[in-house]
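Which chain is which? The protein sequence lines are A and B, in order.
For the first sequence, the residue numbers in the numbering used here are 1 to 204.
For the second sequence, the residue numbers in the numbering used here are 205 to 408.
Simulated from the structure, these hints should not be mistaken for lab results.
One should not assume that every hint holds.
List of simulated lysine-lysine pairs, BS3-like, C-alpha gap at most 25 Å [unchecked claim]:
id	chain 1	residue 1	chain 2	residue 2
1	A	K44	B	K335
2	B	K293	A	K61
3	A	K131	A	K117
4	A	K117	B	K293
5	B	K321	B	K335
6	B	K265	A	K89
7	B	K265	B	K293
8	A	K131	B	K248
9	A	K89	A	K117
10	A	K117	B	K335
11	B	K335	A	K131
12	A	K131	B	K321
13	A	K89	B	K293
To be clear about the criterion: a stretch of chain B counts as covered by chain A if any three or more of its residues have a C-beta under 8 Å from a C-beta of chain A, and this derived list gives those stretches [claimed, not checked]:
id	region
14	275-283
15	286-295
16	300-308
17	329-338
18	390-400
Non-contacting residues of chain A with respect to chain B, defined by C-beta distances greater than 10 Å in every case (computed) [to be verified]:
id	residue
19	M1
20	G10
21	L22
22	E35
23	Q40
24	L116
25	L136
26	Y140
27	Q148
28	P193
29	I199
30	D200
For every residue, glycine included, the Cβ atom is placed at its ideal position computed from N, Cα and C.
Number of protein chains: 2
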Amino acid sequence: MIILHHLRIGRSIFTVWLLEELGLDYELRVYLRNEMGRAQDDLKMAHPLGKSPVIEDGPIKLSESGAITAYLIETYTEPGQWAPDRADKAAWARYLQWLHYPEGSVFAPLLMTMLLKRGGEAPALLDGFAKGEVDLHLGYMAQALDRQPFILGSQISGADFGLTYVVSMANRLGLIEGYPALQAYLDRNTGRPAFRRAIDRAVE
Amino acid sequence: MIILHHLRIGRSIFTVWLLEELGLDYELRVYLRNEMGRAQDDLKMAHPLGKSPVIEDGPIKLSESGAITAYLIETYTEPGQWAPDRADKAAWARYLQWLHYPEGSVFAPLLMTMLLKRGGEAPALLDGFAKGEVDLHLGYMAQALDRQPFILGSQISGADFGLTYVVSMANRLGLIEGYPALQAYLDRNTGRPAFRRAIDRAVE
Chain A
1 MIILHHLRIG RSIFTVWLLE ELGLDYELRV YLRNEMGRAQ DDLKMAHPLG KSPVIEDGPI
61 KLSESGAITA YLIETYTEPG QWAPDRADKA AWARYLQWLH YPEGSVFAPL LMTMLLKRGG
121 EAPALLDGFA KGEVDLHLGY MAQALDRQPF ILGSQISGAD FGLTYVVSMA NRLGLIEGYP
181 ALQAYLDRNT GRPAFRRAID RAVE
Chain B
205 MIILHHLRIG RSIFTVWLLE ELGLDYELRV YLRNEMGRAQ DDLKMAHPLG KSPVIEDGPI
265 KLSESGAITA YLIETYTEPG QWAPDRADKA AWARYLQWLH YPEGSVFAPL LMTMLLKRGG
325 EAPALLDGFA KGEVDLHLGY MAQALDRQPF ILGSQISGAD FGLTYVVSMA NRLGLIEGYP
385 ALQAYLDRNT GRPAFRRAID RAVE
């Protein structure tokens, strides 16, 4: 059975959601943060970086949200269901792009925004960079989601999990009010039965 | 023919390197930064985010370094050559993990370090986060590369391009002196004939 190492409260809830959407059996191992909000040593037993999510699937141990999404979908679903058929090169390329985009482009400026918000005088260069990038990417995602419910079109796909994560992060930072398409996307995804089951099971 | 939109000087040199390693024909379109070090409007004609690298392959237009690497290797190489055979689940999972790791884990704290270094008083929380994460990941990469020349073993693979990028970024920030395995890895990869051809062709 798949084991998911899940650090509460954090991004791995989106991997719980994915496992629920795919209808896979899994064991959820829950870890708690210390007073500083960081993982504790117990999670380092599961993975040397002490990060979450980490999954185990038999002898395979895997970290990195995007890699876990790609792996689970490739291993446990039929082509065309959660990812385009690889034979459709253009659709496959779009899928790859959106799978890498949340971490590749959106996460860093949102993380900076979050850390700056929590305290301290913001250095102008870093602050300006973070603001500019956040605006750019929120606008880009909102435009991409303006005429379709999911990032690849009418159907949810593996590319929506990481994207929902960064949109939810932006939402927690109070940044998506001006983007109704992003708010609708977040509501649509977090309202899905599988997401509700994930929240219930992970007690978030 | 593949077109690569390349913003000088920046990360897309690693995509030029990949194209050279794969021996593919490509047209290099070079863009220059403005005085602020940012891309100019000409690159926004190629991609709405004004980012680089972007490739075009016939009707397919693709951004995100990791996605471009995955796409080019899947499209133009035989399984087992630049990526493990997908049938070997464990090897494939490791490949996916290291393909996602540079952007998913290492890039954000390095970017913060770079922006903090360029000026301004560093807010303690952000500075502490960046330092802690940078140390953690440099140590992790150094350990992974201590007994093997490339990240998946004795042979270079698609997972080495993004990793070389973040190691080179750490090097430019003066951070890898204490990690001989990372210095050796960087020297090994940037000394490859294909890397030298990339530098020559992109005039970096």
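Status of each hint after checking the structure:
{"no.": "1", "hint": "A/K44 with B/K335", "result": "holds (19 Å)"}
{"no.": "2", "hint": "B/K293 with A/K61", "result": "holds (11 Å)"}
{"no.": "3", "hint": "A/K131 with A/K117", "result": "holds (12 Å)"}
{"no.": "4", "hint": "A/K117 with B/K293", "result": "violated (42 Å)"}
{"no.": "5", "hint": "B/K321 with B/K335", "result": "holds (12 Å)"}
{"no.": "6", "hint": "B/K265 with A/K89", "result": "holds (11 Å)"}
{"no.": "7", "hint": "B/K265 with B/K293", "result": "violated (29 Å)"}
{"no.": "8", "hint": "A/K131 with B/K248", "result": "holds (19 Å)"}
{"no.": "9", "hint": "A/K89 with A/K117", "result": "violated (42 Å)"}
{"no.": "10", "hint": "A/K117 with B/K335", "result": "holds (18 Å)"}
{"no.": "11", "hint": "B/K335 with A/K131", "result": "holds (22 Å)"}
{"no.": "12", "hint": "A/K131 with B/K321", "result": "holds (18 Å)"}
{"no.": "13", "hint": "A/K89 with B/K293", "result": "holds (22 Å)"}
{"no.": "14", "hint": "275-283", "result": "holds (count 3)"}
{"no.": "15", "hint": "286-295", "result": "holds (count 3)"}
{"no.": "16", "hint": "300-308", "result": "holds (count 7)"}
{"no.": "17", "hint": "329-338", "result": "holds (count 3)"}
{"no.": "18", "hint": "390-400", "result": "violated (count 0)"}
{"no.": "19", "hint": "M1", "result": "holds (16 Å)"}
{"no.": "20", "hint": "G10", "result": "holds (14 Å)"}
{"no.": "21", "hint": "L22", "result": "holds (16 Å)"}
{"no.": "22", "hint": "E35", "result": "holds (14 Å)"}
{"no.": "23", "hint": "Q40", "result": "holds (14 Å)"}
{"no.": "24", "hint": "L116", "result": "violated (6 Å)"}
{"no.": "25", "hint": "L136", "result": "violated (6 Å)"}
{"no.": "26", "hint": "Y140", "result": "violated (6 Å)"}
{"no.": "27", "hint": "Q148", "result": "holds (16 Å)"}
{"no.": "28", "hint": "P193", "result": "holds (28 Å)"}
{"no.": "29", "hint": "I199", "result": "holds (23 Å)"}
{"no.": "30", "hint": "D200", "result": "holds (27 Å)"}
The earlier numbered hints that this structure contradicts are 4, 7, 9, 18, 24, 25 and 26.
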